[in-house]
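Chemist: So you can see what is in the structure, the chains are spelled out below.
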Amino acid sequence: MRVNGVDHPAPADTRRLLSDHLRHDLGLTGTHVGCEHGVCGCCTVLFDGAPVRSCLMLAVQAEGHEVTTIEGLAADGAPLHPVQQAFHETHGLQCGFCTPGFVMSVVGLLAHNANPSAQEIDEGISGNLCRCTGYASIRRAVQRAAELSKP
Amino acid sequence: MACALLSSLEDAKVLAGGQSLMPLLNFRLARPAHLVDINRIDGFDRIYERDGGIGVQALARQAAVEDSDLVARACPLLRDALRLVAHRVIRNRGTVCGSLAHADPASELPAVLLALGGGVVAMSARGQRVIAAQDLFTGVFETSLRSDELLAEAWFPASPPKSGIHEESRRHGDFALAGVVRAGERLGLFGVAPTPVLADPADPARGLQPSGDLEATAEFRLHLVRVLSDRAFAA
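Note that the protein sequences, when read in sequence, are chains S and F.
Using our numbering, read the first sequence as starting at 1 and increasing by one per residue.
Using our numbering, read the second sequence as starting at 1 and increasing by one per residue.
Ranges between beta-carbon positions, derived for each pair: (1) F:G184 to S:D25: 51 to 59 Å; (2) F:R171 to S:E147: 25 to 33 Å; (3) S:E89 to F:P201: 50 to 58 Å; (4) S:A111 to F:R231: 30 to 38 Å; (5) F:V130 to S:A111: 32 to 40 Å; (6) S:L148 to F:P201: 49 to 57 Å; (7) S:G5 to F:V140: 40 to 48 Å.
Hints are computed from structural coordinates only; laboratory data are not their basis.
Backbone N, C-alpha and C fix where the C-beta goes; we use that ideal spot for every residue, glycine too.
Bound-form chain F, shown alone (with noise of 0.2 Å):
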């Protein structure tokens, strides 16, 4: 049904738990003309082990991923990853399957994936195929999801023992000014690029052009990359 919606309505984006489009949507920062509110999807909500990993459904709230035992087990680096993604109450209504379908540059969820090397289940009336991390993120808030496709599912890969997420932000709960994520020998990146990246662990900053702003320069930025690598690879 929901599928039907978004291949039949023209400008139409999924409601899932509005923790960043419902923000959006009251400073008229977007106007979609319909929104397909997916809440009422029964058991829609799973957080399963599949294929060595986690299947996070669309409507697993960030807070009972959270305190799932399974992720606790399988996959702590989510765990603690979420605890990152904004405050308990945002969490409580957020999903996960949401952020990454927002594709903030500087949230953490896109760089879990991609840094675990996951996947995405992208589900449309035609069908539904599997969508790699390193294929979904292509810029600011922008996916390689189709307008009419949703994103059923994610799957996030056990994470590897040596696995950590650090992040510099100026107030708890913000978005960072960087971050990153280890998953055994691999790094991935958030906030210094348009999209979540991975990064060589022997020199992370190697041909980033962060942003500069108000909170944070460029230069400080790449001193944050390093800083931050440097302590997620001596843990």
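Chain S on its own, in the form it takes in the complex (with noise of 0.2 Å):
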């Protein structure tokens, strides 16, 4: 499976799910594991381009496929990605261990619609929870991504 750009042979235990694999095997420990059943959108990951929940999702499963992490979307020192970017200019995290979730997600609905309405963006951030309740400025990230990933 190709992760972040780079090509890994599969797990040998078929068992292994997505997100462990990621994070104990490739030791990408920014997707996180939160409720592992798909509720709370922490290791929400892109496979290949669409956010999906690596935590419902067998490693073994993304052979042959592209998977993208938080990790993926800049390299280091080099300028974050627009959605990172627009996190961290609204303050859109607090204790940050959703952060992930809702970036990669946030990519993903930007990436199917350009430009969200107030509506699509609380539909678009709704399967992923902020236990810091910071939907507020979660919701003006989104909005600040949409402007910043205009070419």
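Please dock the two separately framed chains into a single complex, following the hints provided.
Modeler: Below you can see the structure in the form of structure tokens.
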């Protein structure tokens, strides 16, 4: 499977979740694991460009596919991805646990809909939980990310 | 190949989108001996016009069905129902056929299939058969699919002009406390019985004995059925 542009062999253990494989085998600990049943959204990654829950997939299912994690959005030292930049500018994070999942969901949302309405933004982030309840700032971050993503 | 595996393996489960099965595995609520992953079968994700309705194959993701122009034209009820299924990120992976095979009594798609009078194609090494919606759902998370059968395709008849889905849930994307599906003069209910059920629009709560839990009492669920049915037939 290709993770953030680098090819990796599939794990030997067919029971390994994609989320555990990313964190434990590949050391990509930016993908967080919260609920492990698809509710919290913290483990969201891009699978062939579309956001999915990495805790609800087996790692072997990613063989032959392209996975992008939060680490893959911007190289070390390079400018932040527009969605990361927007979260930074608008204080769209507090403790940061949910942030990688939100960012990946928002990348997917904006790829699907470059100009989301307020309702579409709420809809788009409704699958991610923030226990700091920083949703107002996160909404602003999505709006800002849409502005920053315009060519 | 998948059907051959299903017929030869003991205690095998089909893994399609995994958005219901994987949580069960993660919590060890389901411990099948084998998983048959159908995701690598090519050309098994078609959404196409068939027999005055829409055929949805086993690997058609919910998001793809939601975005389909064909579905928007022929069966907007199915599109509207999909928008109530979990969240978009879940729908990117989850499948329509998987939701039907999982048969959660509080889920939307089984009730839509029942209200529309649709059905599914069950495929096995022995051949294939059609199961009508009213014969498919037999209990809580139970269907008439046999252990060697794969739910290969669902068929949703075109939705009549006066159709709609209404539900009440605690939070966006949660399973509904109760929900109703109107398809013309037919009314389907979900979340209030072990399976989706058809009801009389004039007296939708008659004969129902919903369970009560921390989220809603049985009485409240009956109340919701009446209110949501009124709403569906006022539209």
